[in-house]
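Chains as they are written, first to last, in full-length UniProt numbering: chain A, 1 to 220; chain B, 1 to 367.
Relax, there's no trap hidden among the hints.
Derived contacts from chain A toward chain B, CB cut-off under 10 Å, selection only:
1. Leu-8
2. Glu-33
3. Phe-35
4. Gly-38
5. Ala-110
6. Pro-112
7. Arg-168
Since the hints were derived computationally from the structure, they do not count as laboratory data.
No residue lacks a Cβ here, since even glycine has one placed at the ideal position from N, Cα and C.
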Amino acid sequence: MSGSMEFLLWTKGPLFDIALAIFAIGLMARLVEIFMLGRAHNYAEPRAHEWPAGLRTMLTRTIADPGTFKRAPFNVVVGWIWHIGFLTALLFFVPHVELIRSVLGFAWPALPNPLVDFATAITILALIATLVHRLTHPVKRHISTVEDYLVWAVVFMVVLTGYLAYHRLVEPYPLALGMHILSAEILLVILPFTKLTHIFTAFIARWYNGAAFGRKGVQS
Amino acid sequence: MRKRSDKTLGESLRDHGLSRRGFLKLCAATASLMALPPSMAPAIAAALEQARRPSVIWLSFQECTGCTESLTRAHAPTLEDLIFDFISLDYHHTLQAASGEAAEEARLQAMEENKGRYLVIVDGSIPGPDANPGFSTVAGHSNYSILMETVEHAAAVIAVGTCAAFGGLPQARPNPTGAMSVMDLVRDKPVINVPGCPPIPMVITGVVAHYLVFGRLPELDGYGRPLAFYGQSIHDRCYRRPFYDKGLFAESFDDEGAKLGWCLYRLGCKGPTTYNACATMKWNDGASWPVEAGHPCLGCSEPKFWDAGGFYEPVSVPLTLGPGTLLGAGVVGAVAGGGLATLARKQRKEEAGTRQPVTVDELEQKL
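Sequences are here, hints too, so could you generate the full structure?
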């Protein structure tokens with residue numbers, strides 16, 4: 001009968017250790033492999049430094065260029081909304097901040113709960129909108145793979161179960177919290193092996209792009 | 001013990017000098033206690049007036065008597081004392097006058113005379129059927145055999161305290177006595193859990209009052225706890241909650257935040273995961289409660305509360321993760337990534353070494 005509490009303690013204990021270990025092994029393997037493979041040697045004489053252009057591009061690519069925005073305004077706007085909402089909830093909710101502090105040994109101030117709650121609700125709506133768009137847009141639907149839907153489902157489950165647990169909409173509460181932690185653990189496990197790796201590689205890829213252009217002395 | 005179960009509650013209360021006015025006040029308090037509208041008070045009065053005092057057999061197993069202390073230490077005369085006095089407590093190790101054979105005889109007699117109608121209240125956990133029965137015995141009988149014998153003809157069982165409800169301290173890892181909760185063992189009777197270490201006195205009397213008034217047991221949550229008392233979390237009813245929502249926390253027990261009464265989340269408060277009535281009913285005649293006294297909630301009314309993480313660790317901190325796990329896994333990953341990259345390079349080199357160039361003409365000839 002006390003099964004849901006055992007489930008919660010299992011997700012907070014051994015399962016969290018396993019998930020974080022798989023995440024760390026997978027992510028480090030991917031990153032080290034990427035860095036060690038590097039790029040083919042460029043024998044041309046550089047026209048400018050690559051570092052400033054690389055670093056600049058890491059930031060400038062965050063804003064979509066006008067052409068992209070004109071072609072796909074939905075992707076840009078909704079993408080921005082849910083990414084910001086997700087990061088707000090992930091990084092600035094009090095219990096998450098305490099979790100980060102316990103794992104990394106340091107953390108930052110949290111945001112007031114009503115703000116995080118609002119961000120979470122917006123994120124849920126935006127994620128639903130992205131799925132509807134993916135299913136109804138002919139091109140998007142055509143190019144979507146199983147991985148795209150898997151990643152969407154896992155991310156959505158993390159946000160949804162967090163919202164349900166915070167508002168205590170599932171009874172008993174340990175089950176709600178355990179489901180949220182389990183969803184987050186699934187996200188951690190698949191992160192290094194799916195397109196979710198972009199959380200870490202997006203900025204590296206931008207640096208490579210910017211640096212390549214910078215070396216040629218052209219705008220990126 | 002004096003036999004009084006032939007009197008109605010109304011008669012019994014009048015014998016104790018309780019006025020009609022006092023009786024109605026008791027009913028109104030009972031209504032509010034059970035989260036019922038005030039209009040229910042007359043119905044409660046009518047029901048209580050006619051109710052027969054139920055026979056109650058109180059079994060104490062692997063417990064510390066804290067639950068009994070909690071019930072009896074109430075300031076006399078209080079409402080809970082009155083109600084407590086108006087059940088026929090036919091067997092209770094600590095409180096009964098009889099001892100030895102006479103005590104056990106009282107239990108068997110109460111069971112025989114009230115077959116199918118008596119209530120069994122249990123405090124303490126029970127070494128399970130597979131455990132060594134010698135871990136806890138009463139009058140030479142194992143706790144398990146006494147429990148199963150006593151509940152056989154009971155109307156319902158009330159598990160008082162976290163040990164009886166969920167196993168509590170005796171069941172904490174490594175659970176040397178094979179301790180089990182009442183609901184682990186009693187499957188064919190209604191079991192009401194009144195957890196807490198100890199539970200609030202008003203909660204146990206409230207459950208009994210509900211049974212007397214309505215002739216049935218109160219509405220229960222997923223853990224068999226009465227919703228009227230365990231329906232909301234400590235966190236949601238905590239007077240310090242606004243500080244949590246604003247992000248204002250005490251960082252230590254004597255810092256400025258603690259003095260200003262800020263939220264105790266970072267000091268390990270288990271309020272968010274704990275369901276109980278402490279924040280609203282409080283303790284010691286409504287004087288205070290742990291969080292008001294400046295100490296985080298330990299989560300004592302929840303299953304596994306001894307094993308659910310350090311009392312002074314925030315609720316969201318993982319239970320077993322050490323820095324070694326993350327660092328070790330990171331190193332393993334880095335080595336694996338390095339190995340993969342080296343292999344890929346080696347393969348590329350080999351391919352470059354054995355490459356056989358093809359000209360366009362050769363390709364066209366093949367086509």
